[in-house]
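Note that the protein sequences, when read in sequence, are chains D and U. When we follow UniProt numbering, the leftmost residue of the first sequence carries the number 1, and every step to the right adds one. When we follow UniProt numbering, the leftmost residue of the second sequence carries the number 1, and every step to the right adds one.
Just so you know, the hints here were simulated from the structure itself, not pulled from any lab data. Do not take every clue at face value.
[Claimed, not checked] If we take Cβ atoms under 7 Å as the criterion, some of the chain U residues that face chain D in the derived model are:
1. Pro108
2. Gln111
3. Thr115
4. Ala124
5. Met127
6. Thr151
7. His153
8. Gly158
9. Leu173
10. Ala185
11. Gln186
12. Ala189
13. Leu191
14. Leu193
[Unchecked claim] Computed Cβ-Cβ distance ranges for the label pairs, DEER-style:
15. Glu121/D with Pro117/U: 32 to 40 Å
16. Val184/D with Arg139/U: 18 to 26 Å
17. Lys47/D with Arg139/U: 56 to 64 Å
18. Asp97/U with Asp181/D: 36 to 44 Å
19. Pro152/U with Pro51/D: 14 to 22 Å
20. Pro51/D with His25/U: 22 to 30 Å
21. Glu13/U with Gly78/D: 53 to 61 Å
22. Arg70/D with Asp55/U: 42 to 50 Å
23. Ala118/U with Arg20/D: 17 to 25 Å
24. Glu13/U with Ala150/D: 45 to 53 Å
25. Arg70/D with Gly148/U: 37 to 45 Å
26. Pro51/D with Asp196/U: 56 to 64 Å
27. Ile98/U with Ala118/D: 23 to 31 Å
28. Ala75/U with Arg70/D: 53 to 61 Å
No residue lacks a Cβ here, since even glycine has one placed at the ideal position from N, Cα and C.
Single-letter residue listing:
2 protein chains.
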Amino acid sequence: MPKVVDHDQRRVELVEATWRIIARHGIEGATMRDIAAEAGFANGALKPYFPSKDDLLAFAFSHVFSQTGRRMTDATVGRSGLSALRAYCLEILPLDDIRVSEARIVIPFWQKALTDPAKAELHAAAMLKWRDTMCEHLREAGAAGELGTATPHEDLAGLLMNFVLGTQITAVLSPIENSADRLVAQLDACLGLIADGS
Amino acid sequence: MPKVVDHDQRRVELVEATWRIIARHGIEGATMRDIAAEAGFANGALKPYFPSKDDLLAFAFSHVFSQTGRRMTDATVGRSGLSALRAYCLEILPLDDIRVSEARIVIPFWQKALTDPAKAELHAAAMLKWRDTMCEHLREAGAAGELGTATPHEDLAGLLMNFVLGTQITAVLSPIENSADRLVAQLDACLGLIADGS
Numbered sequence: 001m002p003k004v005v006d007h008d009q010r011r012v013e014l015v016e017a018t019w020r021i022i023a024r025h026g027i028e029g030a031t032m033r034d035i036a037a038e039a040g041f042a043n044g045a046l047k048p049y050f051p052s053k054d055d056l057l058a059f060a061f062s063h064v065f066s067q068t069g070r071r072m073t074d075a076t077v078g079r080s081g082l083s084a085l086r087a088y089c090l091e092i093l094p095l096d097d098i099r100v101s102e103a104r105i106v107i108p109f110w111q112k113a114l115t116d117p118a119k120a121e122l123h124a125a126a127m128l129k130w131r132d133t134m135c136e137h138l139r140e141a142g143a144a145g146e147l148g149t150a151t152p153h154e155d156l157a158g159l160l161m162n163f164v165l166g167t168q169i170t171a172v173l174s175p176i177e178n179s180a181d182r183l184v185a186q187l188d189a190c191l192g193l194i195a196d197g198s
Numbered sequence: 001m002p003k004v005v006d007h008d009q010r011r012v013e014l015v016e017a018t019w020r021i022i023a024r025h026g027i028e029g030a031t032m033r034d035i036a037a038e039a040g041f042a043n044g045a046l047k048p049y050f051p052s053k054d055d056l057l058a059f060a061f062s063h064v065f066s067q068t069g070r071r072m073t074d075a076t077v078g079r080s081g082l083s084a085l086r087a088y089c090l091e092i093l094p095l096d097d098i099r100v101s102e103a104r105i106v107i108p109f110w111q112k113a114l115t116d117p118a119k120a121e122l123h124a125a126a127m128l129k130w131r132d133t134m135c136e137h138l139r140e141a142g143a144a145g146e147l148g149t150a151t152p153h154e155d156l157a158g159l160l161m162n163f164v165l166g167t168q169i170t171a172v173l174s175p176i177e178n179s180a181d182r183l184v185a186q187l188d189a190c191l192g193l194i195a196d197g198s
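Please build the complete structure, drawing on both the sequences and the hints.
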């Protein structure tokens, strides 16, 4: 009987191995051989899943985006307005080890996207979705009388988007001033100002 | 008579050539040979200035930071409080071609800093200086009665820092939603909320 292999499961194992190797050696230092070894694969066994390192990276990046997206959707269930907006943003902030690891993957991804149109498109689509969801929660907040400002929702969402993206950098590269506590305080400061200027 | 060479000037020419090559080919695709050709140098002529690509990149990055720093200091001359804070932040926002190019250099720099302690230290020092200056202008604003919020200055400065760093990504990778007009509107929304919650 042939061995039954769960290919989707193996792909996810490879992505997780990829993260660990990138976190350890950087994206340039991550070789297919290292990733195979980390995932417990024989060297040639990666090829059927991912013919090139670039294919593997593209898959790893979309996995981070969809994982974050799933967490964000779960966190907002049963909420609306500013409460939903806060829960949504909290899932993007790099507040724990998993999310700091994600930030360590997203930074090299941005760098790749600068010269790779397919990766740039993947990023732009994910960012538009986040932004649209933030605008939607701002509209709910406005309808519920929760907003203390007449600033257009698009600019408030833009401010929040740029803030949460900036935290991906500072949580990794300026961690003292951007500990989990401080990032939450910064988010709450922003949402507090949007709510009632206090 | 030996040819007189202005070595500092040549270093800056090399840095500018480096920027153009990185913007065109990405940091991985930028070779010392391309950079030499772009700057009008013979291939071996770079070595006395920068023994390795890494030395050249480190110098190029500190040049971006000091150039931005100089612009920020110039922009705040004769200002204090929220007016100085706005002028300072405006110089970081990627509002024109030069500053969008700088963002294209800073993104690969972050990626390098993830696994290179010397680059991480250079970044952390520059970020602390920006942050301290923002805190100073917030203190001036507080003393002048310009602040409409009791949020600690450190958290407001952290919010602004993360916002301006996030714009380095979005101005390059989500340029439609983060055009110069929109970025200024987002900054003004944030400063308006800090001033009086309007």
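Hint check:
1. Pro108: Given a least distance of 5 Å, the restraint on proline 108/U holds.
2. Gln111: Constraint on glutamine 111/U satisfied, holds at 4 Å.
3. Thr115: Interface hint status for threonine 115/U: holds (4 Å vs cutoff 7 Å).
4. Ala124: Where the cut-off is 7 Å and the nearest Cβ of chain D is about 6 Å from alanine 124/U, the hint holds.
5. Met127: holds (5 Å)
6. Thr151: holds (4 Å)
7. His153: Interface hint status for histidine 153/U: violated (10 Å vs cutoff 7 Å).
8. Gly158: holds (5 Å)
9. Leu173: Holds - the Cβ of leucine 173/U comes within 7 Å of chain D, reaching about 5 Å at its closest.
10. Ala185: Holds, about 5 Å.
11. Gln186: holds (4 Å)
12. Ala189: holds (4 Å)
13. Leu191: violated (10 Å)
14. Leu193: holds (4 Å)
15. Glu121/D with Pro117/U: 32 to 40 Å: holds (34 Å)
16. Val184/D with Arg139/U: 18 to 26 Å: holds (23 Å)
17. Lys47/D with Arg139/U: 56 to 64 Å: The hint (56 to 64 Å, Cβ to Cβ) holds, given that lysine 47/D and arginine 139/U are roughly 59 Å apart.
18. Asp97/U with Asp181/D: 36 to 44 Å: Holds, at about 39 Å.
19. Pro152/U with Pro51/D: 14 to 22 Å: violated (52 Å)
20. Pro51/D with His25/U: 22 to 30 Å: At 23 Å between Cβs, range holds.
21. Glu13/U with Gly78/D: 53 to 61 Å: holds (60 Å)
22. Arg70/D with Asp55/U: 42 to 50 Å: holds (43 Å)
23. Ala118/U with Arg20/D: 17 to 25 Å: Since alanine 118/U and arginine 20/D have Cβ atoms about 24 Å apart, the given range 17 to 25 Å holds.
24. Glu13/U with Ala150/D: 45 to 53 Å: Once the Cβ atoms are compared, 50 Å apart, the range 45 to 53 Å for alanine 150/D and glutamate 13/U holds.
25. Arg70/D with Gly148/U: 37 to 45 Å: Check passed, 38 Å falls within 37 to 45 Å.
26. Pro51/D with Asp196/U: 56 to 64 Å: holds (58 Å)
27. Ile98/U with Ala118/D: 23 to 31 Å: holds (28 Å)
28. Ala75/U with Arg70/D: 53 to 61 Å: 43 Å Cβ-Cβ, so the 53 to 61 Å window is violated.
The structure fails hints 7, 13, 19 and 28 (numbered hints given earlier, in ascending order).
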